[in-house]
Every structure is written in structure tokens, then in C-alpha cells.
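Q: Residue numbers (the working numbering), protein chains in the order written: chain W, 1 to 109; chain G, 110 to 351.
Hints may contain errors.
[As the list claims (entries may be wrong)] Sample of chain W residues with no beta-carbon within 12 Å of chain G, all distances over it, derived:
1) Leu-53
2) Leu-58
3) Leu-109
[Said to hold, decoys possible] Where chain W lies over chain G, by a calculated footprint (3+ residues, C-beta under 8 Å):
4) 131-140
5) 255-266
Keep in mind that the hints were calculated from the coordinates and are not lab data. We put the beta carbon where it would ideally sit given N, CA and C, even for glycine.
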Amino acid sequence: MIDPGNFWLLTILLAIGTFLIRFSFLGFLGGRELPGWLLLHLRYVGISVFPALVTPMLLWPAATGGQTDWIRVAAGAIAFAAGMRISVIGAILAGMGAFYGLRLLAALL
Amino acid sequence: MTQSAAGGQPGRAFWRGYRDCAPFILIVVPFSMLFGVVARDAGLDLVQTMTMAVLVIAGASQFTAVALLQEQAPVFVALAAALVVNLRMAMYSAALVPHLGHAPLGMRALMAYLMVDQAFAVAVRTYEDEPAMTRPEKVAYYMGCMMLICPMWYGFTLVGALAGNLIPASLELDFAAPVCFIALSAPLLRSAAHVVAAGVSVAAAILFHGLPWNLGLFAAALTAMVAGAQTELWQKRRRAAA
Chain W
1 MIDPGNFWLL
11 TILLAIGTFL
21 IRFSFLGFLG
31 GRELPGWLLL
41 HLRYVGISVF
51 PALVTPMLLW
61 PAATGGQTDW
71 IRVAAGAIAF
81 AAGMRISVIG
91 AILAGMGAFY
101 GLRLLAALL
Chain G
110 MTQSAAGGQP
120 GRAFWRGYRD
130 CAPFILIVVP
140 FSMLFGVVAR
150 DAGLDLVQTM
160 TMAVLVIAGA
170 SQFTAVALLQ
180 EQAPVFVALA
190 AALVVNLRMA
200 MYSAALVPHL
210 GHAPLGMRAL
220 MAYLMVDQAF
230 AVAVRTYEDE
240 PAMTRPEKVA
250 YYMGCMMLIC
260 PMWYGFTLVG
270 ALAGNLIPAS
280 LELDFAAPVC
290 FIALSAPLLR
300 SAAHVVAAGV
310 SVAAAILFHG
320 LPWNLGLFAA
330 ALTAMVAGAQ
340 TELWQKRRRA
350 AA
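Construct the complete structure from the given sequences, taking the supplied hints into account.
A: Structure representation (C-alpha cells):
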């Protein structure tokens with residue numbers, strides 16, 4: 001059972017903290033010019049964050065208690081291939097499709 | 110040209126952002142429903158579940174916070190772990206400065222509140238592809254992206270919270286999260302330097318996996334950013350020397 005006092009304290013502080021993280025540079029720097037070296041690094045934010053988010057999700061998923069599940073890894077690889085070859089929506093459909101397809105196949109075999 | 114033409118462009122940019130983010134409905138729907146289900150399972154009531162979803166709108170940190178509360182972790186431990194998950198958004202915030210920093214303070218605050226992964230990635234990619242976009246168009250495009258994702262986030266959290274046990278855990282809706290970030294990554298691999306950054310990001314995520322407090326993600330992302338930037342500089346130097 002989650003104590004309501006703890007829940008509300010956490011939720012309010014998490015909301016404020018998360019907002020301040022999001023507001024940080026955009027809010028406080030505003031329209032100021034950023035130095036060239038920083039702009040150079042900022043061009044790589046997305047491609048540096050997303051693979052680092054995905055990797056542990058694929059290799060050690062919380063849903064399996066951290067056990068590597070090869071169906072998840074394979075479906076992730078298929079999603080990536082579709083993303084490179086087709087499109088964003090192709091990646092999503094191929095990834096989810098492969099995941100459920102392989103699960104079904106594994107259940108039938 | 111005329112005032113009306115200038116006013117029409119941001120309107121068009123808004124709807125373009127809306128459309129460009131549309132594929133991520135397929136991700137946001139299962140993922141937010143899952144949060145609703147998990148939160149109710151953990152014993153939160155409907156008001157608690159929805160308040161958290163609306164005030165925080167950051168899926169991964171919400172899951173972290175609820176899981177730790179459920180394990181009876183101290184509030185400040187749960188808070189720290191959930192906030193570290195969101196630290197990546199400080200990088201998003203910085204990366205948006207050159208494009209959106211000119212907007213008025215109130216607008217910047219609204220844009221900060223609405224900052225979610227999918228919309229950030231889609232918006233920055235479009236800004237880089239189309240340097241001719243005007244500032245009002247960039248703001249409108251960003252709002253178009255967020256105005257699609259955020260209401261879906263609230264709405265389907267509610268559906269999940271109401272449906273609860275009708276959605277069996279065997280559906281494994283959590284797999285929508287890695288698929289989402291893979292779909293976001295693939296179009297960003299636009300140069301050799303981006304490929305290097307992605308490779309370093311994966312390797313560093315494995316290497317730093319053991320770091321406490323979820324700090325591995327932040328450390329891996331910083332390492333990959335430096336790797337990408339250094340590769341770009343090295344390529345420029347080589348081209349200049351040739």
C-alpha cells in the first residue's frame with residue numbers, strides 16, 4: 001500500500017523538479033547566443049540519449065525481472081532495420097508486429 | 110508579403126507538427142495506458158494516477174517513482190531516482206535554445222512543461238532539415254507536436270486507469286517504450302558522426318549500466334555527445350587538410 005502522504009509529497013516535488021529540468025536552459029538562457037562548441041555538442045543530444053535509453057530496455061527489461069529476452073532483442077533489431085529502410089511508422093509497426101508475431105510463434109512451437 | 114500570409118505560415122507549421130508526430134500515437138497510447146494500469150495496480154486511486162500523469166508527463170520517471178513507492182523506498186530516494194531519469198531533458202532544453210529561445214517567457218514555460226521525447230526529436234530534426242523556418246513557425250511546429258502527444262498521454266492514462274485489470278500484463282505493453290526510442294533514433298543517423306555517437310551511446314550504456322541512481326543513462330549520453338562532436342571536428346580537419 002502506498003501511503004497517500006508520501007505519494008503527494010513525491011508527486012509535487014517530482015512535478016516541480018521535472019519542470020525545472022525542462023525549463024532550465026530554454027527558460028533561463030532564453031534568446032542568448034550559445035557558444036559554438038556547445039552548439040556543436042547539442043546537435044548530438046537526440047542520437048546520444050535515445051540509444052542509451054533503449055539498450056538496457058532491450059537487454060535487461062524490467063518486465064522480465066532483468067532477464068534477457070531474445071524475442072525483445074530480435075524485435076528491436078527488426079524495428080531498427082525498418083526505421084533505417086522505411087520510416088518512423090514502419091519502425092513502430094515492424095517492431096511491435098515482430099514482437100507479438102515472435103511471441104505467438106514461440107507459444108505455438 | 111501580407112499580414113495574413115505571415116499569419117498563415119505558423120498555422121500551417123502547427124498542423125505539420127501535428128501530422129509529423131502522428132506515428133507516435135501508436136506508442137503513446139499503449140505506454141500511457143500501461144501507466145494507468147500499473148498505477149492502479151500499485152494501489153493509487155484515479156485522482157492520484159491522473160494528477161501524476163498531468164503534472165509530471167514523463168512516462169519513464171512516473172514508472173520509476175511508482176515502483177519505488179510500492180517498494181516502500183524513502184520519498185527522497187524515489188524522488189532522486191525519478192529525477193535522474195528526467196535529467197536527459199536538460200539536454201533537450203539546451204538543444205532547443207537556438208530554435209525556441211527567442212519566445213516570450215510564458216511561452217517558454219509552456220514549452221518546457223510540454224517537453225516530451227518524441228516531440229523534441231521530431232521538432233529538432235525538422236528544424237535542422239529546414240533552416241529557412243521562421244521563428245514563429247518553429248514555435249508553432251513545436252506546439253503542434255506537443256498538442257498531439259500530450260492530450261493522448263492524459264487521455265489514455267485515464268483509459269488504462271479505468272480499464273485496469275481488463276488489460277492483462279501478458280500483453281507486455283511496456284515493449285512500446287524501446288520501440289519508440291528505436292523509431293526516434295533511426296532517422297537521426299544522418300552522418301558518420303551521428304553513427305559514431307549512436308554506437309558510443311550503446312556501448313557506454315552497457316558499460317555504465319551498473320552506476321547507481323540511473324546515472325548510467327546520463328553518463329552514456331554525455332560520452333556519446335562528445336564522441337559525435339569530436340568525430341565531426343575530426344572530419345572537418347581532415348577535409349581541410351586534404
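Q: The structure should be examined with respect to each hint, and the outcome stated for every one.
A: Right, here's what the structure says about each hint:
Its closest Cβ contact with chain G, about 5 Å, brings Leu-53 of chain W to no more than 12 Å, contrary to its assignment away from the interface. For Leu-58 of chain W, the condition that its CB be more than 12 Å from all CB atoms of chain G is violated, with the nearest at approximately 5 Å. Every C-beta of chain G lies more than 12 Å from that of Leu-109 of chain W, the closest at about 17 Å, which supports listing it as non-interface. A stretch counts as covered by a chain when three or more of its residues have a beta carbon under 8 Å from one of that chain; for the segment 131-140 of chain G and chain W the count is 4, and the coverage holds.
Counting residues of the segment 255-266 of chain G whose CB falls under 8 Å from any CB of chain W gives 0; the rule of at least 3 is not met.
In summary, the structure is inconsistent with hints 1, 2 and 5 from the numbered list given earlier, while agreeing with the others.
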